[in-house]
Amino acid sequence: MGIRGSFGGRGVRVDFGKQGRGLGRRLAGCAGALAVALTLGGCGAILAGGDKAVPTFDLTAPTDFSAPRRGAGLLVVGPPTALAVLDTNRIVVEPAPGQITYLAGAQWSDRLPALFQARLIEAFENGNRARSVGRAGDGLTADYTLLTDLRSFGLQTSDGGPMAVVEVSAKIVGATSGRIAAAQVFKASVPAASTGGPEATQALDAASDQVFIEIVRWASSRF
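Adding 293 to a residue's 1-based position in the sequence shown gives its number in the working numbering.
There's no promise every hint is true.
Quick list of the computed label-pair ranges, beta carbon to beta carbon [what the hints assert, rightly or not]:
no. : residue 1 : residue 2 : range
1   : Ile473    : Thr434    : 17 to 23 Å
2   : Gly371    : Asp452    : 29 to 35 Å
3   : Gln392    : Arg424    : 42 to 48 Å
4   : Ala389    : Gly364    : 44 to 50 Å
Quick caveat, the hints were computed from the structure, so don't treat them as lab data. Fair warning: this is a prediction, and the values are worked out from it, not measured in the lab. Each residue gets a CB set at the ideal place from its N, CA and C atoms; glycine is no exception.
Please model the entire structure based on the sequences and the hints provided.
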């Protein structure tokens, strides 16, 4: 194989000769085949779901309940606060007091605080308060703001069978005064059939429904 180099004005041209050109074509063909194989392999992994095919679960908002209406005030629901361990789309499991892990093979459809806020607003709407409740940050002129803090939202397995526990602290704050008009802690526990994704999330959904209804009725009697 002969290699001849010639120097032009702005670059170098390398001529491999006849044998070199044949080898170059063979190398190019091999590279093309390898690229196609890698592409098809990647597509196969995507179609099969790969490592990202994690079963995803949602929370639902309660229906078929009513909430009292005290006045004509407007309340906005702020984004819930939570520790980093809950500020995720992963599902918390507490195998022992003070010990935190996550449920394998299952996840929420969104970060838990965002999901909780969306379903809480929906619960107010389902309780016939759609015209007097909105989302903080939507430009509404509110009389009150509902602030919540997620204290616990997961599966506890330390005492007996698995138990879905939801605990939320709620405060109603006057928009003008900035003072806390009312505050209360809400908690619900529902047994889970197992620690599997469908059973665990079903129990957590039932527990959160209880908390949603209690919060909606409690807040609605104050604005």
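So, going through the hints one by one against the coordinates:
Taken as a hint, the range 17 to 23 Å holds for the pair isoleucine 473 and threonine 434, whose Cβ atoms sit roughly 20 Å apart. Checked against the hint of 29 to 35 Å, the C-beta distance between glycine 371 and aspartate 452 comes to roughly 33 Å, which is consistent with it. For glutamine 392 and arginine 424, the Cβ-Cβ distance of about 45 Å falls inside the hinted range of 42 to 48 Å, so the restraint holds. Taking 44 to 50 Å as the suggested C-beta distance range, the pair alanine 389 and glycine 364 conforms, at roughly 47 Å.
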